[in-house]
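K.L.:
Chains as they are written, first to last, in our numbering: chain A, 1 to 110; chain B, 1 to 122.
By construction, these hints were calculated from the structure, which means they are not laboratory data.
For every residue, glycine included, the Cβ atom is placed at its ideal position computed from N, Cα and C.
Be careful, since some hints might not be right.
No more than 25 angstroms apart at the CA atoms, straight line, and that leaves these computed lysine to any residue pairs for SDA-like [as the list claims (entries may be wrong)]: (1) A:K106 with B:V93; (2) B:K43 with A:G70; (3) A:K106 with A:F10.
Just the calculated beta-carbon pair ranges, DEER-fashion [to be verified]: (4) B:G15 with A:L69: 45 to 55 angstroms; (5) B:S121 with A:T76: 36 to 46 angstroms; (6) A:Q1 with B:S85: 35 to 45 angstroms; (7) A:G43 with B:S85: 28 to 38 angstroms.
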Amino acid sequence: QTVVTQEPSFSVSPGETVTLTCGLSSGSVSTNYYPSWYQQTPGQAPRTLIYSTNSRSSGVPDRFSGSILGNKAALTITGAQADDESDYYCVLYMGSGISVFGGGTKLTVL
Amino acid sequence: QVHLEESGGGVVQPGGSLRLSCAASGFTFSNFGMHWVRQAPGKGLEWLSFKEFDESNPFYADSVKGRFTISRDNSKNMLYLQMNSLRAEDAAVYYCARRGPAVAGTWYFDYWGQGTLVTVSS
Numbered sequence: 001q002t003v004v005t006q007e008p009s010f011s012v013s014p015g016e017t018v019t020l021t022c023g024l025s026s027g028s029v030s031t032n033y034y035p036s037w038y039q040q041t042p043g044q045a046p047r048t049l050i051y052s053t054n055s056r057s058s059g060v061p062d063r064f065s066g067s068i069l070g071n072k073a074a075l076t077i078t079g080a081q082a083d084d085e086s087d088y089y090c091v092l093y094m095g096s097g098i099s100v101f102g103g104g105t106k107l108t109v110l
Numbered sequence: 001q002v003h004l005e006e007s008g009g010g011v012v013q014p015g016g017s018l019r020l021s022c023a024a025s026g027f028t029f030s031n032f033g034m035h036w037v038r039q040a041p042g043k044g045l046e047w048l049s050f051k052e053f054d055e056s057n058p059f060y061a062d063s064v065k066g067r068f069t070i071s072r073d074n075s076k077n078m079l080y081l082q083m084n085s086l087r088a089e090d091a092a093v094y095y096c097a098r099r100g101p102a103v104a105g106t107w108y109f110d111y112w113g114q115g116t117l118v119t120v121s122s
């Protein structure tokens, strides 16, 4: 059973840069997993941020960027703002129509 | 604009069944694959199932395989999730989500509904 791993929580000060990661319990994440990232605030539906590793979804500010860092997918927020305080989820495509979510990272901006 | 609206949630007893619906509008439904995703209270998101735009076979997470069935009616712009043998751990908000355009090298959810709540309790 493949597990997609994310930091459970992260804290960043306003204006600073933070990088959240998305890994695999076994193996390395590559672009072939088509990593995507989603933001969710309590009580709301998820919002699509990044797809195909580093493509920003429509309307997403350019302070959000995606990449592969080492053996993980990464979401970088450059110049964090108060309203970036949310849960962030990555998704990896495992092939054969199967998607797997990471456990999510709760980002605190303070 | 793209709009997805789930319905059909409610309270069901363990072992019971429920059918969720997702009404799609603002795009050509028959051109897009569709997913179901859920979120248990206080927990993370969990992908459940995917149905391509055509008659190809659907896909399921192991947690629901054999109990849940995804289907769609392209003539009505509707996506469905038939849930049988429901368990306490199936209690969650259920979202439908559109697959992003089927361009080579992409696989993601580009639009989401607001979700419908399923409670499993005796």
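K.L.:
Need the list of violated hint numbers for this structure, in ascending order.
P.N.:
2 and 6
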